[in-house]
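Trainee: Given next are the chains, with one letter for each unit.
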Amino acid sequence: MQLLEFQAKELFREYGINLLNSISSTNIEEGRKHAKELGYPFVIKIQVPVGGRGKAGGIQKCQNDDEFELKYPQVMDLTIKGEKARAILLEKMADIKKELYLSLFLNRSKRCYTIIASVEGGVEIESVKNQIIKEVGLGEVSDVLAKEVAKEMKLEGKTAEQFIDTLKKLSKLTIEKEAELVEINPLAIMQDDSIMALDGKFVTDDNSNFRHDELQKYQEKTEVEERAEKSGFSLVELDGDIAVVGNGAGLVMSTLDMLSDNGGKPACFLDVGGGATTESVYEALTLISKLDRVKGILVNLYGGIVKTTVVAEAFLKAYEDNLIDLPVFSRLKGTESEKATQMLQGSRTKIFTTVEEAINAAVMGVKK
Amino acid sequence: MTKIFELLKGNPEDSDYKNKGVIVQGITGAYGSLHTKQMIAYGTNIVAGVTPGKGGQKFEGTIPVFNTMQEAADATNAKISIIFVPAKFFLGAAKDALNAGIKLLVAIPEHVPVRDTMEALELAKQKGAAIIGPNTPGIMIPELIKIGIMPPMPFKAGKIAVLSKSGTLLYEISDALTNAGFGQSITIGIGGDPVNGTRMIDAFEMVKDIPDLEGMVVVGEIGGDSEEILAQRIIDSGFNKPTVAYIAGRAAPKEKRMGHAGAIVMGTYGSAESKVSMFNKANIPVAKRPAEVPVLLAGKMEKSD
Numbered sequence: 009m010q011l012l013e014f015q016a017k018e019l020f021r022e023y024g025i026n027l028l029n030s031i032s033s034t035n036i037e038e039g040r041k042h043a044k045e046l047g048y049p050f051v052i053k054i055q056v057p058v059g060g061r062g063k064a065g066g067i068q069k070c071q072n073d074d075e076f077e078l079k080y081p082q083v084m085d086l087t088i089k090g091e092k093a094r095a096i097l098l099e100k101m102a103d104i105k106k107e108l109y110l111s112l113f114l115n116r117s118k119r120c121y122t123i124i125a126s127v128e129g130g131v132e133i134e135s136v137k138n139q140i141i142k143e144v145g146l147g148e149v150s151d152v153l154a155k156e157v158a159k160e161m162k163l164e165g166k167t168a169e170q171f172i173d174t175l176k177k178l179s180k181l182t183i184e185k186e187a188e189l190v191e192i193n194p195l196a197i198m199q200d201d202s203i204m205a206l207d208g209k210f211v212t213d214d215n216s217n218f219r220h221d222e223l224q225k226y227q228e229k230t231e232v233e234e235r236a237e238k239s240g241f242s243l244v245e246l247d248g249d250i251a252v253v254g255n256g257a258g259l260v261m262s263t264l265d266m267l268s269d270n271g272g273k274p275a276c277f278l279d280v281g282g283g284a285t286t287e288s289v290y291e292a293l294t295l296i297s298k299l300d301r302v303k304g305i306l307v308n309l310y311g312g313i314v315k316t317t318v319v320a321e322a323f324l325k326a327y328e329d330n331l332i333d334l335p336v337f338s339r340l341k342g343t344e345s346e347k348a349t350q351m352l353q354g355s356r357t358k359i360f361t362t363v364e365e366a367i368n369a370a371v372m373g374v375k376k
Numbered sequence: 398m399t400k401i402f403e404l405l406k407g408n409p410e411d412s413d414y415k416n417k418g419v420i421v422q423g424i425t426g427a428y429g430s431l432h433t434k435q436m437i438a439y440g441t442n443i444v445a446g447v448t449p450g451k452g453g454q455k456f457e458g459t460i461p462v463f464n465t466m467q468e469a470a471d472a473t474n475a476k477i478s479i480i481f482v483p484a485k486f487f488l489g490a491a492k493d494a495l496n497a498g499i500k501l502l503v504a505i506p507e508h509v510p511v512r513d514t515m516e517a518l519e520l521a522k523q524k525g526a527a528i529i530g531p532n533t534p535g536i537m538i539p540e541l542i543k544i545g546i547m548p549p550m551p552f553k554a555g556k557i558a559v560l561s562k563s564g565t566l567l568y569e570i571s572d573a574l575t576n577a578g579f580g581q582s583i584t585i586g587i588g589g590d591p592v593n594g595t596r597m598i599d600a601f602e603m604v605k606d607i608p609d610l611e612g613m614v615v616v617g618e619i620g621g622d623s624e625e626i627l628a629q630r631i632i633d634s635g636f637n638k639p640t641v642a643y644i645a646g647r648a649a650p651k652e653k654r655m656g657h658a659g660a661i662v663m664g665t666y667g668s669a670e671s672k673v674s675m676f677n678k679a680n681i682p683v684a685k686r687p688a689e690v691p692v693l694l695a696g697k698m699e700k701s702d
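Chains as they are written, first to last, in this note's numbering: chain W, 9 to 376; chain V, 398 to 702.
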């Protein structure tokens, strides 16, 4: 999961990384109280789990009550890359000399943690120039390495000292929480040469959740997502009208691609996992029935060991229980497909031999 | 570099040539026992199983079950193991196997913490062993040995190497290849995790010098940069066997994990465009649909004739 800025900063604070004063709120009444505590001027920052907030108008300066009353609701109402505001962070305005970039991430190809640092921060990582990249291994960043990075960045005196300290704390945090990525951008040099983390990005390794109860409070899940997880499914909600279901992440992604190529708009990505049973397909249909905007369901199962009749039973049961009333366009690879096709005769589920045929029928079907 | 055929098949003078022994870790679990039976049916020589606390039992009346990998390895001299334990026990099982002298470890579990994978890999490096996975369907030489969970139908013995991050796409594309008359010399499941025991380039090194190899198919997906690195290696190595790629996830939104822990695009890192453009640079055509893979491969072969 990706933490929100204020959540990442809670962790930074816990590890002693320098931060400006800031308080988060979820409504304007709370916000007003915080505005008084903090005092003007401050910045209003939308809390969404995606980047590009500044460009989208999600970060606004506030000099007085009038500006606050105007801007707080505006920022709260923004949707950025499909994400609505989870909270608003009020943060003291800072007198900045220079913006740096610093991150630690899990380097997939090198199979170790890696530092990226730059004296030209404050822009998205792709545009960060003069990147200093250092492989760390599996342990914490050593004193020697931290000093080397500071030296290469040509930092001096108090700034260098605080940078080294920040890097070491960041590395302790990354390793102890098993993060995939922890980024401070910008990491600011203030007028008094001190170092401050002005933003925070934190991506966890969800597979290590069982070792990190302390991070679970940051988990936000819809009812559908929670049920999906319980069943061992992977679900990503999208904004189209054709639900895409399959077994295996690669196969479902591939189906999504082909559907999009043919002019269809996927409503969700739903991977029921390696095998498929009557129960798992029935549960998948249950979850889809809870999503609005779905006009049709595209099913692509590569059964192998699975009998397609078993899957057909799930469709029939879903109609019988009035769980769904939607057309289903299905490609089922596996044994007994002739029998499955017969079973579904007269129902709203159609079986196709190739996925291309199923996709074309789905695209046509939802247009009607 | 791991000589994969020597491990999986052996040399004609070996007493166990084409009959290499495999140990199953987690043999008594529901998943492990189902797939052990399937592997035996495929012809894989399963010589022992390991489940702590169940030592002394016999699986299916014939295969001895041991409490530890050391005992199983000592009793059988096997160098290959496959792991079916739950993700949180993976690291322990992997260490147990590597310390017992296993040289090829096939790691089936999904949801292994990345840190555990990296620790297992460090140990494997010290021991000169290879890990396939985690989150892999496994590895197979069709019609000879299957160490994994693949259904048998899509595969046929032949001369094309298939490397795939995804399991079901491996089946789908091998099926299409088989139907078009392209059998497979070996198929390697890379796995859908961010950190893979055998990366795309490692798998490439394993297969590139197969004497009668006629072509290679790379099935990638969004996330990471292993496809890009592979494409660069192919350029640098001058590998000239007909090669075709497929990349899943072109239509996936950014910053969303698409089922596999590794399938996530951050900015441009891991994007399908980045992978496709690198393959293009390496003169490797990228199929739009799985069904297009054999068509492109046939086209490549005609040109190389």
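It is worth saying that the hints were derived from the structure and are not from the lab.
For glycine and all other residues, C-beta sits at the position ideal for the given N, C-alpha and C.
Keep in mind that a hint or two might mislead.
Unchecked claim - Simulated DEER-style distance windows between Cβ atoms:
#, chain 1, residue 1, chain 2, residue 2, range
1, W, G62, V, K524, 46 to 56 Å
2, W, S117, V, K415, 48 to 58 Å
3, V, D633, W, K162, 53 to 63 Å
4, W, E234, V, N680, 41 to 51 Å
5, W, Q71, V, N680, 26 to 36 Å
6, W, T285, V, I632, 40 to 50 Å
Claimed, not checked - So these bits of chain V aren't anywhere near chain W, every CB distance computed over 10 Å:
#, residue
7, T465
8, M515
9, E569
Trainee: So which of those numbered hints doesn't the model satisfy?
Mentor: 2, 3, 5, 8 and 9
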